[in-house]
Amino acid sequence: MNTLTVKHLSKSFGLHPVLRDITISFHPGEVHALLGVNGAGKSTLVKILSGDIQPDHGEIQIGERSLRFSSPIDAKHEGIDIVVQEVDTALVPELSVAENLTIHELLRGSQWIRWKERKKLARQLLQEVGADIDIDKQVRDCTLAEKQMILIARAINSQVKYLILDEPTAPLSEVETSKLFAVIRKLQENGIGIIFISHRLPEIQTIADRVTILRNGEAVCTKKIHEITPDEMIRHMLGKQLASNLPRKSKEMGPPLLEVNQFYVAKTGKTLSLSVHEGEIVGIAGLVGAGKTETARALFAADEHHGTISLKGKKHSFKNPHQAIQAGLALVPEERRKEGILVDFPLAENLSLPILEKLSSWGWIKRQKEKTLAERLVKQLGIKIPSLSHPLRYLSGGNQQKASIGKWLETQADVFIFDEPTKGIDIGAKEDVFQLIRSLAEQGKGILYLTSEVSELLSLADRILVMYNGEIISTYHYPEFSLEKIMSDATGGHHATGTE
Amino acid sequence: MQQVLNETKSTPTTRRGKQAILSFLFKHGTLLVIALTIIVFSLLNEKFLTYANFTDILRSISIITLLAIGVTISLIVGGFDLSVGSIASVATIASAAALVWYRQETIVAIIIPLLIGLLIGLFNSLLVVKIRIPDLLGTLAVMYIVNGIHLTFTKGYSIYNNMPMENGQIAPGQFLPSFLFIGQGEIFSVPFPVILMLTFVILTHILLNYTRFGRLLYITGGNEEAARLSGVPVQRYKTYAYILSALFATLAGIVLAARIGTGQVSAGAPLLMDGVAASFIGYSVFGAGKPNVIGTFFGAVLIGILLNGLTMLNVPYYAQDIIKGSILICALAFMYVQKRNR
Numbered sequence: 001m002n003t004l005t006v007k008h009l010s011k012s013f014g015l016h017p018v019l020r021d022i023t024i025s026f027h028p029g030e031v032h033a034l035l036g037v038n039g040a041g042k043s044t045l046v047k048i049l050s051g052d053i054q055p056d057h058g059e060i061q062i063g064e065r066s067l068r069f070s071s072p073i074d075a076k077h078e079g080i081d082i083v084v085q086e087v088d089t090a091l092v093p094e095l096s097v098a099e100n101l102t103i104h105e106l107l108r109g110s111q112w113i114r115w116k117e118r119k120k121l122a123r124q125l126l127q128e129v130g131a132d133i134d135i136d137k138q139v140r141d142c143t144l145a146e147k148q149m150i151l152i153a154r155a156i157n158s159q160v161k162y163l164i165l166d167e168p169t170a171p172l173s174e175v176e177t178s179k180l181f182a183v184i185r186k187l188q189e190n191g192i193g194i195i196f197i198s199h200r201l202p203e204i205q206t207i208a209d210r211v212t213i214l215r216n217g218e219a220v221c222t223k224k225i226h227e228i229t230p231d232e233m234i235r236h237m238l239g240k241q242l243a244s245n246l247p248r249k250s251k252e253m254g255p256p257l258l259e260v261n262q263f264y265v266a267k268t269g270k271t272l273s274l275s276v277h278e279g280e281i282v283g284i285a286g287l288v289g290a291g292k293t294e295t296a297r298a299l300f301a302a303d304e305h306h307g308t309i310s311l312k313g314k315k316h317s318f319k320n321p322h323q324a325i326q327a328g329l330a331l332v333p334e335e336r337r338k339e340g341i342l343v344d345f346p347l348a349e350n351l352s353l354p355i356l357e358k359l360s361s362w363g364w365i366k367r368q369k370e371k372t373l374a375e376r377l378v379k380q381l382g383i384k385i386p387s388l389s390h391p392l393r394y395l396s397g398g399n400q401q402k403a404s405i406g407k408w409l410e411t412q413a414d415v416f417i418f419d420e421p422t423k424g425i426d427i428g429a430k431e432d433v434f435q436l437i438r439s440l441a442e443q444g445k446g447i448l449y450l451t452s453e454v455s456e457l458l459s460l461a462d463r464i465l466v467m468y469n470g471e472i473i474s475t476y477h478y479p480e481f482s483l484e485k486i487m488s489d490a491t492g493g494h495h496a497t498g499t500e
Numbered sequence: 001m002q003q004v005l006n007e008t009k010s011t012p013t014t015r016r017g018k019q020a021i022l023s024f025l026f027k028h029g030t031l032l033v034i035a036l037t038i039i040v041f042s043l044l045n046e047k048f049l050t051y052a053n054f055t056d057i058l059r060s061i062s063i064i065t066l067l068a069i070g071v072t073i074s075l076i077v078g079g080f081d082l083s084v085g086s087i088a089s090v091a092t093i094a095s096a097a098a099l100v101w102y103r104q105e106t107i108v109a110i111i112i113p114l115l116i117g118l119l120i121g122l123f124n125s126l127l128v129v130k131i132r133i134p135d136l137l138g139t140l141a142v143m144y145i146v147n148g149i150h151l152t153f154t155k156g157y158s159i160y161n162n163m164p165m166e167n168g169q170i171a172p173g174q175f176l177p178s179f180l181f182i183g184q185g186e187i188f189s190v191p192f193p194v195i196l197m198l199t200f201v202i203l204t205h206i207l208l209n210y211t212r213f214g215r216l217l218y219i220t221g222g223n224e225e226a227a228r229l230s231g232v233p234v235q236r237y238k239t240y241a242y243i244l245s246a247l248f249a250t251l252a253g254i255v256l257a258a259r260i261g262t263g264q265v266s267a268g269a270p271l272l273m274d275g276v277a278a279s280f281i282g283y284s285v286f287g288a289g290k291p292n293v294i295g296t297f298f299g300a301v302l303i304g305i306l307l308n309g310l311t312m313l314n315v316p317y318y319a320q321d322i323i324k325g326s327i328l329i330c331a332l333a334f335m336y337v338q339k340r341n342r
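So the protein sequences, as listed, match chains A and B.
Just so it is clear: in the first sequence, position 364 is 364 by the working numbering, and no numbers are missing.
Just so it is clear: in the second sequence, position 70 is 70 by the working numbering, and no numbers are missing.
Please note that a few of the clues may not be correct.
[To be verified] No more than 25 Å apart at the CA atoms, straight line, and that leaves these computed lysine-lysine pairs for BS3-like:
#1 A:Lys-338 <-> B:Lys-47
#2 A:Lys-379 <-> A:Lys-366
#3 A:Lys-319 <-> B:Lys-47
#4 A:Lys-7 <-> A:Lys-120
#5 B:Lys-324 <-> B:Lys-47
#6 A:Lys-384 <-> B:Lys-339
#7 B:Lys-290 <-> A:Lys-338
#8 B:Lys-290 <-> A:Lys-371
#9 A:Lys-338 <-> B:Lys-324
#10 B:Lys-130 <-> A:Lys-267
#11 A:Lys-379 <-> A:Lys-319
#12 A:Lys-161 <-> A:Lys-47
#13 B:Lys-130 <-> A:Lys-366
Don't read these hints as lab results, they were simulated from the structure.
Note that the coordinates shown come from a computational prediction; the quantities given were computed from them, not determined experimentally.
Could you build all of it, start to finish, from the sequences and the hints given here?
Now the structure itself:
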């Protein structure tokens with residue numbers, strides 16, 4: 001038996017352990033699912049298996065043989081290959097499908113390119129995975145599903161024994177997913193071991209033979225798939241961190257501030273309706289890839305959309321963020337350094353940007369006013385910075401985030417949209433951000449808080465909407481929050497009850 | 001390896017000293033180079049350090065600077081305008097044709113090129129901002145078109161006083177003294193083009209640094225997406241930048257026509273590279289690390305001094321391009337090393 005085993009694997013980044021003493025074995029011809037919330041250690045484990053990074057302790061074995069990978073090529077030689085989540089990083093977009101499929105031949109073979117043979121091989125490989133793709137077409141014209149198939153076919157060509165699929169279904173439609181599953185089953189029959197990573201429980205139940213659940217860098221349990229229920233899986237994923245549901249009094253909600261009805265988000269291809277009341281914090285919970293960022297950007301008119309937004313009872317149809325801001329919206333985007341702030345500009349200029357018009361008369365910027373504003377915001381938000389003219393590049397994530405939020409505080413916005421506002425910031429800064437959001441709500445602002453960290457919403461939100469595949473599939477009102485139910489919905493459990 | 005060891009051995013104080021020297025060089029290196037060049041040339045040639053020669057230098061760089069201001073503005077919004085040289089050519093020809101062929105007044109000979117410049121600027125922004133052709137490619141195409149148009153218009157000939165027309169007669173108009181004053185006149189023995197240049201350098205500097213308009217130009221270039229999400233109408237500001245770039249190139253062309261007193265075809269072509277070089281040298285002045293007009297002005301001064309000094313030393317004009325290229329490399333190396341060190 002050529003079982004692939006990881007034994008006592010540990011890995012830390014700096015002082016932060018991401019994998020702690022993990023032991024799992026993967027069998028040939030088996031689909032083994034890895035399950036865990038963001039940050040549970042799935043990606044790190046997979047990166048070690050595919051030779052991308054090296055473990056601090058522990059070893060990898062095939063059969064009885066110990067392996068040491070110093071690069072992905074070593075892993076490939078041992079027959080371990082990965083189809084990464086961002087398929088585009090593994091393909092050359094300007095080359096044809098055939099060329100991409102046989103790119104290894106280019107490295108190994110003779111200097112002369114034998115087109116006939118390469119095309120023949122490419123056709124044969126695609127046939128093996130049952131994919132019908134024109135081999136002369138350029139890869140950049142392929143759909144995501146097709147690109148995945150190309151990567152899988154390429155792995156087969158290099159005599160893969162174990163194939164890692166990192167969240168392969170996230171971008172796929174249902175039809176494409178079932179096609180992928182057919183290929184997985186075929187590979188399985190040929191004795192290839194599949195390591196399948198997904199957030200979506202119904203899929204795992206459909207395709208996996210066994211499942212290992214990771215939490216906080218530990219392998220919590222490994223079970224045969226029919227020996228574990230979805231509820232148990234969720235409980236194992238979350239552990240006992242459920243107590244964070246602080247008691248608080250439910251507040252009286254004001255009239256609706258923001259209402260959207262049948263609002264079409266082009267990037268997700270879905271429509272949705274939602275409302276935010278005065279002083280209300282509405283959470284949108286959803287996994288990575290559920291369409292939260294796309295929805296937030298569409299509401300803010302930063303991306304393509306269709307439909308009207310009603311703010312304080314007045315209907316708007318925004319053409320660009322400028323109009324959205326004028327009407328009283330504010331967006332704190334997910335990609336802070338790319339979209340939220342200008343990292344090479346001084347703090348003062350960042351903070352004054354949305355209200356520059358107010359800070360100037362006849363086009364002249366009143367520097368003194370700008371400085372006063374910046375000083376006030378620095379004090380109010382507790383931003384740690386050597387001077388107001390210091391560029392933001394060198395600040396910590398938390399301080400940058402405070403600047404990214406702070407610039408909206410003086411805009412008289414009525415509704416604040418926060419997209420993953422605690423991403424990459426430390427605990428202290430997180431508390432500050434929560435406090436800031438609560439105080440905004442107390443002032444009667446409406447808050448729309450989109451996050452994949454569901455536990456944050458439990459203590460913060462008045463209402464939680466769960467997003468799955470770009471749609472809002474359920475609503476929970478305080479105090480009827482339950483992490484299990486929300487996670488179950490966010491992982492598609494809601495759908496499973498309908499289809500199974 | 002040896003080097004690495006040595007580096008780790010160096011004490012903190014010497015490293016701090018090194019840092020201080022480096023940051024001094026980043027801040028004042030360009031001005032230092034200018035000062036050194038002046039000293040060297042003054043020692044080599046006694047006529048170099050005279051009032052007459054310095055007004056000469058300033059006069060010679062005034063046209064480059066005017067054009068380079070436009071280039072700087074397009075760089076500020078993160079763009080690039082390659083068509084400025086050809087715009088200057090077409091402006092020269094338009095002024096000359098208005099005066100000589102159509103016997104117009106000075107004011108007309110100024111307004112017509114400005115209108116043409118405005119149109120080209122709008123066309124550039126249509127290509128780059130609306131259709132989103134990459135700036136270098138879009139303005140390159142426009143450069144060819146504009147060049148072709150002004151050559152077609154003159155059939156490849158230059159325009160000068162008393163030139164024969166196609167019907168066998170002599171051209172009806174001529175370069176009026178009031179027009180020539182723009183390029184050749186003096187006020188209190190300061191050449192008028194120098195006054196024009198300094199005025200626009202100061203005006204643009206104020207515009208860019210003290211007004212909302214200027215701030216938003218810089219913000220747009222700093223991070224277009226972040227600017228857009230903060231409510232800046234980035235497309236409009238990029239359009240403004242391309243229009244201003246074209247207008248400054250036009251201005252340079254008009255002064256050029258007035259300076260040489262003829263409408264020479266393709267006269268603006270060499271200005272493009274000098275303007276770009278001045279703008280990039282400007283990045284390093286005072287350690288700004290970004291496009292700025294004061295820097296651009298000093299960049300033009302450096303180029304002007306070098307060319308003037310080298311000419312006095314009888315270095316042939318065709319060798320001077322080597323020097324120009326070398327300064328540009330030094331300035332760029334300075335800028336990128338500084339960026340990496342940050």
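Hints, one by one, checked against the model:
no.	hint	verdict
1	A:Lys-338 <-> B:Lys-47	violated (54 Å)
2	A:Lys-379 <-> A:Lys-366	holds (20 Å)
3	A:Lys-319 <-> B:Lys-47	violated (63 Å)
4	A:Lys-7 <-> A:Lys-120	violated (41 Å)
5	B:Lys-324 <-> B:Lys-47	holds (22 Å)
6	A:Lys-384 <-> B:Lys-339	holds (24 Å)
7	B:Lys-290 <-> A:Lys-338	holds (19 Å)
8	B:Lys-290 <-> A:Lys-371	holds (22 Å)
9	A:Lys-338 <-> B:Lys-324	violated (36 Å)
10	B:Lys-130 <-> A:Lys-267	holds (22 Å)
11	A:Lys-379 <-> A:Lys-319	violated (35 Å)
12	A:Lys-161 <-> A:Lys-47	holds (17 Å)
13	B:Lys-130 <-> A:Lys-366	violated (33 Å)
In this structure, the hints that do not hold are numbers 1, 3, 4, 9, 11, 13, in rising order.
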